[in-house]
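Given chain C's structure and the hints, the job is docking chain W with the ligand onto it.
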Amino acid sequence: MQIRTPYQPYTGDNTRVGKTIAEKIFDTHRVDAPFDDVHVIRLDAVFCHEITTPIAINDLIARGKDRVFDTSKIKVVIDHVSPAKDSKTALQGKILRDWARRHNIQDFFDIGHNGVCHALFPEKGFVRPGYTIIMGDSHTCTHGAFGAFAAGVGTTDLEVGILKGVCAFHYPHSINIRITGRLPEGVHAKDVILSVIGRIGVDGATQKVIEFSGPVVDAMSMEARMTLCNMAVEAGATCGICYPDITTVRYLWKYIQHEYSSQEEALTDFSKYLPDQDAVYDAVMEHDVSGLEPQATFGFKPDQVKPARELQGTPVDQVYIGSCTNGRIEDLRVAAAILNGRKISESVRGIVAPATSAIFRQAIEEGLIQTFMDAGFCVTNPTCGACLGMSNGVMAEGEVCASTTNRNFNGRMGKGAMVHLMSPATAAYTAIAGYITPSLQNS
Amino acid sequence: MKNFNGQVLFLDRSDINTDEIIPAKYLTENSREALRPYLLEDLSIEEFDFKKDIVGKSVIVTRANFGCGSSREHAPWALEVNGIHMVIAESFARIFRQNMFNCGMMAIELPKETLNDIFANYAGTPTQVATLLEDRKLIFQNQKRTDTIPLSIADFDVELVHAGGWVNYADTRY
Ligand code: SF4
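Chains as they are written, first to last, in the working numbering: chain C, -3 to 439; chain W, 3 to 176.
I should point out that these hints are in silico values taken from the structure, not numbers from a laboratory. You can trust all of the hints, since none of them are fake.
Below, simulated DSBU-like cross-link-like pairs (lysine-lysine); rule was C-alpha separation at most 35 Å, straight line: (1) W:K53 <-> C:K81; (2) W:K27 <-> C:K339; (3) W:K4 <-> C:K61; (4) W:K53 <-> C:K84.
As the structure is a prediction and not an experimental result, all values here were calculated from the model.
Extracted from the complex, chain C is given alone in its bound form:
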């Protein structure tokens, strides 16, 4: 690994140095490089949801260009406010639904089959190592867990993506964050990423890609890697990327088995995206998690992080377990194992939202939903809902929420409410106690 200091702009034919994952992906997807380090890349997938896509659709119609570049590469979900909560959100759903039908987009997921986009699309096998993906959603960085370049964009980028299948980016600079040591029992991917953000700050990786490497990441499940990459944007990163390995292959196997003769062959193929030994990074950082404790945020910025222990005793009104960060089956298992046979505090409203229909179904089959309900949780359908203060658990002014989501911005889950971000485990302990705590109290 080399460290690039100071800034070295891309020179067009940069053959003297090795490449990072993101550079390799750009080099295989470049359509144009109109200026210095601006690269226009071909997209393997464009993801769409009902909050940011309708305005792009309306604009395309107004321009007389109501077309899509490739129906098979556009994946659509209604997830943010589902079921619709009022006429306006119903209209957003309708615009997206009508558009998907009009263009015969096969991969369209409506209520009954839907889920939070960044949990749903990986689960459907739509994300592969080496892919380029955009979506009008900042947490698109989640999909980097598969060794893909996946970036959140605005509606205009989305609009051009839908129409032309391309997007412009600065040639990517990467930071390599090596997660080392041994993750203590009861400490999870969420605690790792909170501690990273706490260390580098909310703009610590702006305009950069974070490669998450090291033994701790190698040992993580795909679910945990998605949690890690999900919050890369909270440090400003364009994308968080993990190295594709046998864990990636196994997760994707049912979708790719007809393409490869064996898992080893798939692994060899995916390995072409691994960074070169002499890849050049803007920074390389060791992050030892051996002594890491469960973390929680305390302010209105995701880098305001401390050990949850130091917030011990902070009363909460609501505990929310769900979202694209921590609404996956592993998260529900961790929380349910803690809640099993226990009741949540009478002063707390507990809400759990399995992130997709498949996760919901599996949680029922595993008895997790029963555990949540016995403990006193309300179980909602898969939707973003409370995470962005839209529905299914919006907070009142002055209230406090312990949440497994990814943003604690002022007003995020309801005007005047405070959000403490934490892992599903810490959220479960907090629900039982009625105040923030990273362990069982009085049991």
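Only chain W with the ligand this time, still in chain C's reference frame:
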């Protein structure tokens, strides 16, 4: 090309996020115009009154990491429908910055020291900015003084501003 001249709104804080620029509850709107009354509604800066302080302003001058958070292009749109086409800051979140140029608007970065001087010399006074894009210059002016400040902007971003945004640019090329 849009208008990049006029009265300055000073927002003396870093990390102003898109939820503060336009709260999520207004994302259910399907037109840009509908966002007009809600710009900066949830911004927490002492003595800032979003109902009064925005009126007549065309340029925002602020600190670091402006526009962090959600990818919502509603943030630049809320600025646009209020006649604010340029934000000057120490730095921007990537998506917000790209969204601005994609809409044919400008997100201009200035060094921290320069911004410190601008805040010290102009904040709290009625201030005008004039943008000379071809000369790569910004001219700040109030009753007491005038300063000409070099404007650095990538060629690609200038093209986007001239084209009126990324859709127009991409449509003719790809
Ligand atoms: S769960 Fe929250 S963070 Fe994730 S996509 Fe939905 S609104 Fe965004």
